[in-house]
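**Q** Protein chains in written order, with the working numbering: chain C, 1 to 575; chain S, 1 to 575.
Rather than coming from a laboratory, the hints here were simulated on the basis of the structure. The model shown is predicted, which means the values in this text are computed figures rather than measured ones. Among the clues, some could well be false.
You can't tell identical chains apart in this list, so a pair holds if it fits in one copy or across any two.
As the list claims (entries may be wrong) - As a list, the in silico DSSO-like pairs of lysine-lysine whose alpha-carbon atoms are at most 30 Å apart:
no., residue 1, residue 2
1, K540, K552
2, K552, K538
3, K552, K478
Spelled out, the chains give:
There are 2 protein chains.
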Amino acid sequence: RGRFADHDGDSVRAILETATKLAEDKFASTAQIVDANEPTLESGRVRVPDEVNIARDAYREAGFVGAAFDYDDGGLQLPVMAVQAVQALFTAANTSTCGYAFLTIAAAHMYTQYGTDEQKERFMRPLIDGRFFGTMVLSEPQAGSSLGDIRTRAEPQEDGTYKIIGNKMWISGADHELSENIVHHVLAKIPGGPPGVKGISLFIVPKYILDTDGNPGKRNDVHVASLNHKMGYRGTVNAALNFGENGGATGYLIGEPHKGLSYMFHMMNEARIGVGMGAAALALAGYEYSLGYARDRTQGRPLADKNPESQPVPIIEHADVKRMLVQQRAYGEGAMALCLYCAKLVDEMELAPSKEERKAIESFLDLITPIAKTWPSEYGLAANHLAIQVLGGYGYTRDYPVERIYRDNRLNPIHEGTTGIQGLDFLGRKVMRDGGDMLGHLTAQMGETAKAASTDERLSEHAAALTDAATLLTRTAKALMGGAQRNSPEAALANAPTFLEMAGHTIIAWMWLRQGLVCQEALAKGDGRFGASFYAGKLKTMDFFFRYELPKIHHWSALLERIDTTCHDMSTDEF
Amino acid sequence: RGRFADHDGDSVRAILETATKLAEDKFASTAQIVDANEPTLESGRVRVPDEVNIARDAYREAGFVGAAFDYDDGGLQLPVMAVQAVQALFTAANTSTCGYAFLTIAAAHMYTQYGTDEQKERFMRPLIDGRFFGTMVLSEPQAGSSLGDIRTRAEPQEDGTYKIIGNKMWISGADHELSENIVHHVLAKIPGGPPGVKGISLFIVPKYILDTDGNPGKRNDVHVASLNHKMGYRGTVNAALNFGENGGATGYLIGEPHKGLSYMFHMMNEARIGVGMGAAALALAGYEYSLGYARDRTQGRPLADKNPESQPVPIIEHADVKRMLVQQRAYGEGAMALCLYCAKLVDEMELAPSKEERKAIESFLDLITPIAKTWPSEYGLAANHLAIQVLGGYGYTRDYPVERIYRDNRLNPIHEGTTGIQGLDFLGRKVMRDGGDMLGHLTAQMGETAKAASTDERLSEHAAALTDAATLLTRTAKALMGGAQRNSPEAALANAPTFLEMAGHTIIAWMWLRQGLVCQEALAKGDGRFGASFYAGKLKTMDFFFRYELPKIHHWSALLERIDTTCHDMSTDEF
């Protein structure tokens, strides 16, 4: 439809096939090398292994950097859902090498909405073409999640530019020699502006200042202070950057002064869905790997087989190994479904016929974005824990990819806002501020799926469970809103991440029931595309989620409804 | 009492103080170095960093290797509970450097029961003195957990020795130059013996064959095949060993032929409690570190404070950070209490006045050993996950110890039997085999604690919850035993790790209520030793466990009681 009318299922499948091949050839094959050879800083220059260069070239040449952008901007005008699916394939193969391209795409995307024509021409186009790489520069050593406290300042110059001066932290892709230029997108305060988050502006600060032809020229006053040495994600350089040690780095304001945080949040909302998608992709990478191992590795015998001389069986035949595999799949495919659903909402926004409809979709997406970021991150990591467990001692060694995948995925509950912060965002900002209206929209959607499933004998048990869960979610939200008034907002928000987890489990159950409907429809039609086992396996994984996971919401709900303040009441000297 | 009459609270506290100082000076200070410089294999020789040597010397010189052994054997005759507490301190400081000593202690301990006088003289004494280091050699590449399938063979020689030939895997401390000799304790099969686990014998295979004076002489035919490169625990060499590539390694039988596995299990039972203790120690190390960070790090403001120019507060004041700290403490101190309780049972066995009483304690300890191994391993790691979360991005870097602690602790759910295997051991072997008798003993003990707590207003809520939990545990066990008969053992055991988790949560709640009683008693007596805040904090952490954790058993119980076979029923082609 509309902007995406040129694409259809076949064309997207062809793109996914290309992406799969490239992800296997250039990304999966180098993941271990990139992990074992993290970036180094030598005389102020950051070195990354050559494999990152090779992967970058392949990705760029296939046109994936610009996939989501307009034809006019050099892009493929692909729906975000397809782009996210492509990115998931690369992430599953080698998440830390993807960082450079994904950051560049996110940064370039910001210009489509807030950049001037000149900024688009000089910065966005080279980003989309993959000649320049982009970064997002938010945190400072004294201000991680608390952006209102940043101190980096931007002093206006007579020529309309700014001098940027300050120290920044946690910059992914901060420095390297992979691209002709690095374009930093920096939050800073213009002196004299309002305090806190309302005084933050956004600036373009290229590593090399562009000459009049748009080519990188003079070195700008931004330099690496030190590299961060991480548990995983080692292919992506992460560093502290100093701006303006020699008088000030030249920067260009994006949009209006003091509105930088809202621009950055626009980008971060997409980044949050991207984090969730990445975590889901790693969950499934671990699942696929441990599944292959469990099929090949023989050990032990069925419990009933007491003959020590009989042949050992593949470990996939042991009940506990099956459980660890189903659980990984339930988490991974559930999380993936949610993230693709969010991506679809982004596309629906694009296609919305009116501003009001667009706004309605946007509010709904805003509601579930903290869940799409957090649930896959926490449960994707839990899945990777199980992938290691399936391999046993081998899973703990660096000879098998599940070890690296687990370390890589450990970042996801942290970056783009920790689980604790997402919990506050979800309950405090998204659910409470509109008095539960958007949450009502969500539970209404769940109700429709449940209604459709209730007439199917195979699904009716779960349809009823989802209906109950949605009712419980509504009731719990009301209790929390009541508690915020009766007790205090602090007390009601004290277990915000638990409420997010409860809502997350309910949403993932919904996603599984939607998948169940698709399976039943396909089976009824005798659709043999993926084979009967595929659908049977999907349906049983759905069963698992409804039987092993969804019932946990009752405990969480009880805790939340009584506005439990056990932790909140601990005084700091009691620790 | 008895064997331990020379020791009392004061003397043990003095030993713990010495251990604390040594753990800080020689172990904590080198943990990062040892982690960053894992062992290397150069021309067949394994190199470990010098820091391991320094730590080894300090530990040995303080007499800690022999702490648990008889005075006659050169030991300090300390109760196991005190020894475990000492080991916890060293583990918290630097778990991977401890591996050499702990393995040596465990190996030496085996001789006290199964060694001949000559074997004690030639091998046990140098192990206790710290001149020789010991290993346990069980697994093979094709047989990890399935020891009945090992292929290493021991061929009897005319002089009464054996030639050992085979390939072994996952040997901690397999090779190094830290000690004068390495004494391997190797499981192998004497040709012609029974198949499976009933044909396994245990052999002493020194790296250097001893001369008549007991000094290391000729090199034995055992060599490193390759090193394993692990996620964590990097200070401890772990390798594959080849025995008998040049005709056969000389080995000496321990005890009788074909009884090796039972001897090894004796050692492994203690090792399992040690694993749990190590995991608990790492949970608390992460807790302490993240607590210190949360007190120092300022960021953000209370929710009610809307002034962006007010001073940021220490993050410990945020409700979610408090929750992450209380949760870590609840897991860590609960797990530690259980492991110390198990160690106390080992001491009580030693002191038991009759063989029957000794046997009764042993059976009870056997019941809870798989829980003491598994619950701390899984929940200790969950605690470390939260420690990283408290630090945010910093927690993901190798500049802060929580990152290493998390990687180190990841081993604990794997070695000495994975969580899945412990689940089968607990439900299949320990609970079902005696028809629930020992489980009844456990719930009776819980009942006594609950009764004592029920008359205390502060504790009565939790006393009632523990009583209910114990009843539910009994009912669930009965349902599982019924299911094993009615359905099949496979179906009843399909969720064995969930039953272990349920029993684990119930036992940890019991441990917390015991701690609650001690706190109340101390407060009533006006005991100011640790200060009022200490007891208040303990009691609130107990509250946390009873309110946030224990209620999870209801979901698990429902799943288990209906003999859920969702995973078990997945056929392998449906994955």
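**Q** Now tell me, hint by hint, if it's right for this structure.
**A** Comparing the hints with the structure gives:
1. K540 / K552: both (19 Å within a copy, 24 Å between copies)
2. K552 / K538: Cα proximity of K552 and K538: in one copy and across copies (21 Å, 27 Å).
3. K552 / K478: both (19 Å within a copy, 23 Å between copies)
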